[in-house]
Amino acid sequence: MTSRYSAFSLFKEGLAGQKGWVPAWRSPEPKGSYDAIIIGGGGHGLATAYYLARTHGITNVAVLEKGWIGGGNTGRNTTVVRSNYYYPESVALYGLAHKLYEGLSKELNYNVMLSQRGMVTLCHSMNELEIAARTVNAMQINGTDAELYTPEDVRRVAPIYNFEPDARFPVFGGVWQGRAGTARHDAVAWGYARGASRLGVDIIQNCEVTDFIVEGGRCRGVQTTRGTMRAERIGMAVAGHSSVLSAKAGFRLPINSYALQACVSEPVKPILDTVVLSPGPGVYVSQSDKGEMVIGGALDRIPSYGQRGNLPTLEGVIAGLLEMFPAFGQLKLMRQWAGIVDVVPDSSPIIGESPLPGLFLNCGWGTGGFKAIPAGGTLLAHLLATGRHHDISRPFDLDRFVTGRLLDEAAGSGIAH
Amino acid sequence: MQLFNCPFCGPRDETEFHFGGEAGNLRPDGDVPAERWADYLYMRHNPKGPVREVWVHGNCGEFFVMERDSVSHTVSGSTTLGGEHA
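One line per chain: the protein sequences are A and B, in this order. Residue 1 is where the first sequence starts when you use our numbering, and the numbers rise one by one after that. Residue 1 is where the second sequence starts when you use our numbering, and the numbers rise one by one after that.
The reader is advised that the hints may include incorrect statements.
[As the list claims (entries may be wrong)] FRET-style restraints, in silico, Cβ to Cβ:
{"id": "1", "chain 1": "B", "residue 1": "Val75", "chain 2": "A", "residue 2": "Arg335", "range": "25 to 35 Å"}
{"id": "2", "chain 1": "A", "residue 1": "Gln223", "chain 2": "B", "residue 2": "Arg36", "range": "45 to 55 Å"}
{"id": "3", "chain 1": "A", "residue 1": "Ile271", "chain 2": "B", "residue 2": "Trp37", "range": "28 to 38 Å"}
{"id": "4", "chain 1": "A", "residue 1": "Leu199", "chain 2": "B", "residue 2": "Leu3", "range": "48 to 58 Å"}
{"id": "5", "chain 1": "A", "residue 1": "Gly217", "chain 2": "B", "residue 2": "Cys9", "range": "46 to 56 Å"}
{"id": "6", "chain 1": "A", "residue 1": "Lys106", "chain 2": "B", "residue 2": "Arg36", "range": "45 to 55 Å"}
{"id": "7", "chain 1": "A", "residue 1": "Gly282", "chain 2": "B", "residue 2": "Thr79", "range": "44 to 54 Å"}
{"id": "8", "chain 1": "B", "residue 1": "Asp29", "chain 2": "A", "residue 2": "Ala24", "range": "33 to 43 Å"}
{"id": "9", "chain 1": "B", "residue 1": "Gly24", "chain 2": "A", "residue 2": "Arg134", "range": "37 to 47 Å"}
{"id": "10", "chain 1": "B", "residue 1": "Gly20", "chain 2": "A", "residue 2": "Gly227", "range": "24 to 34 Å"}
{"id": "11", "chain 1": "A", "residue 1": "Lys106", "chain 2": "B", "residue 2": "Gly77", "range": "50 to 60 Å"}
{"id": "12", "chain 1": "B", "residue 1": "Gly24", "chain 2": "A", "residue 2": "Ala24", "range": "45 to 55 Å"}
Because the hints were derived from the structure by calculation, they are not lab data. Glycine residues also receive a C-beta, built at the ideal position from the N, C-alpha and C atoms.
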């Protein structure tokens with residue numbers, strides 16, 4: 001029986017015919033009651049369960065997933081990890097996630113293939129360059145690594161970009177974050193699932209929450225397609241479907257759900273070893289370890305729960321990509337898909353207790369949830385374990401929409417999710 | 001490419017239209033508490049399935065109510081904007 005991954009266990013199993021590997025996580029039958037229940041088996045939900053068990057010693061926990069773990073936005077994003085935000089509150093939040101990502105493979109004994117290849121956000125005019133200088137200054141003051149790049153610097157890290165004099169999106173410079181990069185999205189979900197399961201957490205797949213049990217004004221459990229489960233504390237990390245569940249719990253959220261598309265090309269030999277984002281067409285691209293170009297862009301313009309995406313946005317993204325990298329015109333697209341993201345007016349997440357006591361929220365990450373998984377898990381676990389905010393999550397409470405203390409990162413850093 | 005129906009111009013390309021918000025979200029009258037303002041400004045039903053929404057056709061500039069399905073994207077009706085988003 002081999003459960004811990006190492007060079008030695010790989011060697012041992014090689015000699016033993018690979019017969020001793022055990023499943024990475026258990027699939028137990030649901031129990032009638034738990035100390036805590038987490039709805040949503042994506043990265044955020046699984047990370048919450050892991051940190052509840054690991055940091056707070058609460059192991060009688062269930063993660064309920066209506067499909068298969070990591071099958072929603074965790075398996076649909078473009079795997080970019082970064083922390084290039086403007087406001088100190090955001091820097092604390094995404095900085096925590098970034099730092100935890102850097103130690104995650106070791107923490108979980110699971111290779112999440114974090115590749116800190118750096119990311120450059122381009123500037124296409126002098127005005128954008130001035131705003132970029134402000135962003136870089138703010139990031140440095142807040143303790144995040146950032147550099148203001150000249151066109152020559154951009155040419156050095158992305159030589160295949162279109163630097164022709166008649167380029168539609170000319171380069172005036174850029175914001176460089178060297179610690180940014182990519183990570184294997186499935187491995188993040190599976191690593192947290194394995195870690196949580198080994199600490200005693202029940203991961204229950206194909207289990208959809210159909211209603212909440214409310215007694216004495218508190219949330220005390222859930223009805224699911226696999227029976228009733230009770231718990232005094234319930235966390236919800238269901239991204240684009242947050243409004244669907246909140247309607248069952250009797251309250252509304254400041255969320256509109258949109259489809260966010262991505263696509264990958266056929267695999268080619270190494271040609272691009274950073275992440276390049278162009279705000280002009282709103283397109284970003286990186287090359288996966290398999291050699292595919294992983295391409296993402298802006299939200300679809302139509303509120304949607306259809307995990308497909310609409311053609312006009314995809315056309316705009318591809319047209320922009322070809323202006324950035326004319327050489328990619330020869331590539332064929334292999335796959336295109338969409339995830340349903342939870343877009344909040346101020347482009348910042350919602351973390352905190354919901355209007356229904358006993359039910360806690362982790363949502364509103366919009367298009368940027370993947371990079372924040374370790375922080376979202378840490379902070380929701382803290383809320384579930386203590387009933388109180390962590391200092392980092394306090395500014396992101398739902399109450400900011402009443403007090404007016406919004407954290408508008410679309411205005412701050414130009415990151416509109 | 002999907003065609004949306006503008007009640008004034010007929011079927012047009014989806015890129016000519018902009019989402020305006022959920023129908024029936026009415027601005028509160030008078031001196032109301034901050035919670036009510038937050039409700040109006042930010043809180044949304046955001047339903048999965050049939051929806052009634054206010055859209056604007058960018059070309060003619062008219063606002064109207066579109067009924068559609070947020071999963072299948074099937075459009076079932078487009079009507080001019082009546083009183084109280086009726």
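Here is how each hint holds up against the structure:
Remark: the range hint 25 to 35 Å for Val75(B) to Arg335(A) is upheld by a beta-carbon distance near 28 Å. At roughly 32 Å, the beta carbons of Gln223(A) and Arg36(B) sit outside the given window of 45 to 55 Å. Separation of Ile271(A) from Trp37(B) is about 52 Å and departs from the stated range, judged on CB atoms against 28 to 38 Å. For the pair Leu199(A) and Leu3(B), the beta carbons lie near 53 Å from each other, so the given range of 48 to 58 Å is met.
Evaluation of the 46 to 56 Å hint for Gly217(A) and Cys9(B) yields a pass: the beta carbon distance comes to about 51 Å. For Lys106(A) and Arg36(B), the hinted distance range of 45 to 55 Å is satisfied, since their beta carbons lie about 50 Å from each other. The supplied range of 44 to 54 Å is broken by Gly282(A) and Thr79(B), whose beta-carbon atoms lie about 33 Å from each other. Against the hinted window of 33 to 43 Å, the Cβ-Cβ separation of Asp29(B) and Ala24(A) comes to about 58 Å, which falls outside the hint.
As the Cβ distance of Gly24(B) to Arg134(A) is approximately 41 Å, the hint placing it in 37 to 47 Å holds. For the pair Gly20(B) and Gly227(A), the beta carbons lie near 42 Å from each other, so the given range of 24 to 34 Å is not met. Evaluation of the 50 to 60 Å hint for Lys106(A) and Gly77(B) yields a pass: the beta carbon distance comes to about 57 Å. Against the hinted window of 45 to 55 Å, the Cβ-Cβ separation of Gly24(B) and Ala24(A) comes to about 48 Å, which satisfies the hint.
The structure fails to meet hints 2, 3, 7, 8 and 10 from the earlier list, while all remaining hints are met.
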